[in-house]
Amino acid sequence: MPINRLFVLIFTEINFVKLYSLCNFLILRFKRRFGVQLKVGCLAGRGGYMLRRINKLLTVAAFVPALFISAAPIALADSITTTGADSSNTINNNSYTNTSVSNDNDVYVSNTSFQYSSSGDATVSGNTSGGSATTGDASASNSTTTSLSITNMTTMPAGGSGGSNSISNTGFDSSNTINNNTSVHMSVDNDNNVSVKNFNFQVAVSGDAKVKNNTSGGNASTGNASTSNSTCTSIQITNGGSGGASNNNACSSQNGGGQGSGGGNNGGTSGQNGGGAGAGQVLGASTIASLSGGGLGAGFATLPNTGLREGVNNWLVISILTIAASIGYWSKVIAPRLKNI
Amino acid sequence: MIRRLLSLKWRLLPLAAAALILSVPFAENVWTRHHISEAAQAAQLKLASEPKAVKLQGTPNRILIPSLNIDLPVVSQSYSPALKSWPVSASTANYATETALINNFHGQSLIYGHDIHSVFEPLLSLQSKAVVYVYTDNGHVFKYTYAGAHDVSPRQTTIVADMAKQPAGLNLITCDGAYFQYRHVMSFKLIKAG
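Residue numbers (our numbering), protein chains in the order written: chain A, 438 to 778; chain C, 24 to 217.
Calculated directly from the structure, the hints in this document are not laboratory data. We treat Cβ as the ideally placed atom computed from N, Cα and C, and that holds for glycine. It is possible that part of the hints are untrue.
BS3-like, lysine-lysine: derived pairs with alpha carbons at most 25 Å apart [as the list claims (entries may be wrong)]:
hint	chain 1	residue 1	chain 2	residue 2
1	C	Lys32	A	Lys769
2	A	Lys649	C	Lys152
3	C	Lys78	A	Lys649
4	C	Lys107	A	Lys647
5	C	Lys107	C	Lys32
6	C	Lys32	A	Lys776
7	C	Lys107	C	Lys212
8	A	Lys647	C	Lys188
9	C	Lys32	A	Lys649
10	C	Lys152	C	Lys188
So the derived label-pair ranges between C-beta atoms look like this [what the hints assert, rightly or not]:
hint	chain 1	residue 1	chain 2	residue 2	range
11	A	Val640	C	Leu43	56 to 64 Å
12	C	Ser151	A	Ser768	44 to 52 Å
13	C	Thr82	A	Gly765	33 to 41 Å
14	A	Phe636	C	Ser114	40 to 48 Å
15	A	Thr565	C	Lys188	20 to 28 Å
Coverage of chain A stretches by chain C, computed from C-beta distances (three or more under 8 Å per stretch; other residues unrestricted) [claimed, not checked]:
hint	region
16	741–753
17	757–769
Chain C with its partners taken away, still in its complex shape (with noise of 0.2 Å):
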């Protein structure tokens, strides 16, 4: 048979590039989790590496969730009170610029983004003792374990006042729900920053 198949070699290309075409996808995802596991080990490295008992902060730039494959840029984003609304990216993480920047003393972060595969909706199923990596536009790492979530009603944005209080953390966001009903609240707490 292979013999056979072999005798049909130049009516096969079609057949080949097709396989071609068709393992893409498998690919690109092998190639995206090297790439976070390296992004990930390099954010180990230089944790390990920084001395401890430092005040440290900055505005995020980079989220980095190796569990699920997540490796997004952050912009920053302000509440507009004339529309009563948050801006929203359709491919990005976005910071919310009213709430902590990220550090390692005091106060939460809040990191939201939309509930698509390529954005943060992996993150409904995200494990416990995962790790997220957000990356500051000064250089630093901060380091933070999965704690837990909860649902809560667009509304309550007292959320967002508690964060102030809080110890150093992150927040992530995204929707949940049939019709978005839903704020998915994650919160993370600091492992360690450098």
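With the rest of the complex left out, here is chain A (with noise of 0.2 Å):
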């Protein structure tokens, strides 16, 4: 029952008690001057009608306790006794459940990764004869991960029940009616904002070979350098109902992960997962020399790519113009003229 509907009620039944009495007074006032006893009136009203009004009151009173105490749906309990003939008797009990859920999450998750690979310079200068430099492999690797789950839970309330209601020992052709209305609502706002963020870089820098100022050959190379990275992202987000949250793990699984079963019965599951990887390598440079006829065939993957289509010649396309300008000269300017000579 709303309690702005239980306040007027409470308020109405009071000045039925209070219209009571003074009918008593007036009764009683007319028999003292008059000395008639009216017949009519609201000494009537001990079996009739007002006393039923006041039993309402005292009944919907004893609640209203009860109503500010008990954060459960209310289960209103009313009762009418004892009316006198041709009575209408109503219990109306009105519950009414409003509940107003608000869930906000704001996640935001940045991974930034810098790598840098670098390996040495092999150089072989100043020597007489030959000699050989090698600098090793440098690698640098980066794993990121990111999970995420995020997992609202709102348990639906229970509908009220109707309460315990009586209307016993009325009266010959009474109309009795006992109404139970209740109303349950509910109102959930998942508000779920998820930014995830990878910033990846990766430098892989070979060195530099350099053979030189040597009488006789010599060969020098640099170690290959390389990065790789790997990332996964996972968000599991359970706006779920009775039901539990399953556990995130689609970057521990190496089948990528997986989902696993969704919320309550009111709610859902939504996921995403990302994941990737991401490698560079930059092969070491290598240089032999051949001062005395050294060199090498294998390694090359294919000769010189001499092929180039070449573009129209400057120089056709000047003088073609200047043929075909002179033409038209002659044929507007100088021809005419001889003609007139």
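With the hints as a guide, bring the two chains together.
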């Protein structure tokens, strides 16, 4: 029962009590003054309408503390007993529960990885005869995993029971009615904002391989430089009802993980997995001197690609335009004047 | 007729200018031939004056082929393992640093260039006994004569390894075929170095 209606009812019944007292007072004064007992009025109310209203007032007033103490849906109980003939007895139980839930989740994740891999330089310089220099490989790797689970669990409130209402011992031809109205309203607002940013920068630099100023050959080779990166992002959001959220293990599984079971009856699970891997590699340089005819054929993928389509020869275009302009000039300017001379 | 034309002398100036423009390529060609001829003569004189039996070598920086009117600078290029290709300059000849330096004792050098008219395209019509002069950065001049040519697949990289085993000489490479599907390899035999 809404609070405002309850208060209206209370004040209405209080007025009836006042009216009943005033009625008795006037009848008593009338009897003392005129010696006549009136057969109508409020005396008839002892077992009639007035009494019922007073009973009702007391019943309602008894529930007021319980209404404010209990947080559970209210199970109102009302009873009417011992009414007169041709009476109309009505009990109205109105229960209204309004629940509002707001879940606002804001999650921001930012992963930044910078990798630099560099192999050293290899130089063979100033030797009378050969020599070699080699530097090792350099590598760097990175793995970034972001697993995120958000669970918004909300239990739907149960509807209130009709309560224990009774109308008994009513008079002849009375009308008895009990109305139980239970209303449950629930509002759930789930606002999930998830932002995951992965920044990965990779630089792989292979060193220089130099062979210079040697009387006879030599070779220098530098190691490979490589970087690798793997990124896995797993997001699981459960806006569930009574069910539970599953584990978010998308990144831990070799197969990319799964979503698991969803939320409860009134909810659902949404998830997103994103991942990737990247790698970069710069092969080392190799220089082999061949001052006395040394050289290498292996290691070349191809011979020099010297094919190139030539564009239009500028002089050819200029010549054609010049000849065309000269012919036009001759026919328009020179030839007519030669005829006139 | 000539008298009538002369009466229009000022009106003939545009035509004279046009003739001048048309003559520029011809003049340029004549001048280039003259210049190359003089350079070849100078190289020949230098070779004639140098003593024999001296080991000479150097990085090439100029190639001269008088019969084809070719006179180009040469830049050094290295094979790129990462790109799996050779850099090719658009307007000059290219020396493959992985091959022997220009020398007069062992190993053949490789110089390559684009198959365009201003670079190595004229080489496809090279005649036997043609002479090539190669200048090095340390002032030496090497004279070669044309020995023969053959087309190979771009994948036939073993010829580069073979060059190291050969006597002193020179190889020029340019593209051939409608789709540049061949590499035209021209071999030159060393005549003299100085």
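Here is what the structure says about each hint:
1. With a C-alpha separation of about 16 Å, the suggested pairing of Lys32 of chain C with Lys769 of chain A holds against the 25 Å cut-off.
2. Taking the CA atoms of Lys649 of chain A and Lys152 of chain C, the gap is about 36 Å. The hint is violated against a cut of 25 Å.
3. About 19 Å separates the Cα atoms of Lys78 of chain C and Lys649 of chain A, which keeps this hinted pair within 25 Å; it holds.
4. For the proposed pair Lys107 of chain C and Lys647 of chain A, the alpha carbon gap of about 19 Å is at most 25 Å, so the pair holds.
5. Taken as a hint, the Lys107 of chain C and Lys32 of chain C pair is broken in the structure, with Cα atoms around 63 Å apart against an allowance of 25 Å.
6. Restraint check: the Cα-Cα separation between Lys32 of chain C and Lys776 of chain A comes to about 16 Å, which is no more than 25 Å; the hinted pair holds.
7. Distance restraint check for Lys107 of chain C and Lys212 of chain C: the Cα-Cα separation of roughly 30 Å exceeds the 25 Å cut-off, and the hinted pair is therefore not satisfied.
8. Taking the CA atoms of Lys647 of chain A and Lys188 of chain C, the gap is near 23 Å; set against the 25 Å cutoff, the hint holds.
9. Restraint check for Lys32 of chain C and Lys649 of chain A: not satisfied, since their Cα atoms lie roughly 67 Å apart, outside the 25 Å limit.
10. Between Lys152 of chain C and Lys188 of chain C the alpha-carbon distance is near 24 Å, which keeps this suggested pair within the 25 Å criterion.
11. Taking 56 to 64 Å as the suggested C-beta distance range, the pair Val640 of chain A and Leu43 of chain C conforms, at roughly 57 Å.
12. Separated by about 50 Å at the C-beta atoms, Ser151 of chain C and Ser768 of chain A satisfy the suggested range of 44 to 52 Å.
13. Checking the proposed 33 to 41 Å range against Thr82 of chain C and Gly765 of chain A shows it is violated: the Cβ atoms sit about 53 Å from each other.
14. At about 43 Å, the beta-carbon gap between Phe636 of chain A and Ser114 of chain C stays in the expected band of 40 to 48 Å.
15. Distance hint check for Thr565 of chain A and Lys188 of chain C: the Cβ-Cβ separation is about 24 Å, which falls inside the suggested range of 20 to 28 Å.
16. For the region 741–753 of chain A, the assignment as covered by chain C holds, since 8 residues bring a beta-carbon within under 8 Å of that chain's beta-carbons and 3 suffice.
17. Using a Cβ-Cβ cut-off of 8 Å, 6 residues of the region 757–769 of chain A lie near chain C, which meets the minimum of three, so the contact claim holds.
Checked against the numbered hints listed earlier, the structure breaks hints 2, 5, 7, 9 and 13; every other hint is satisfied.
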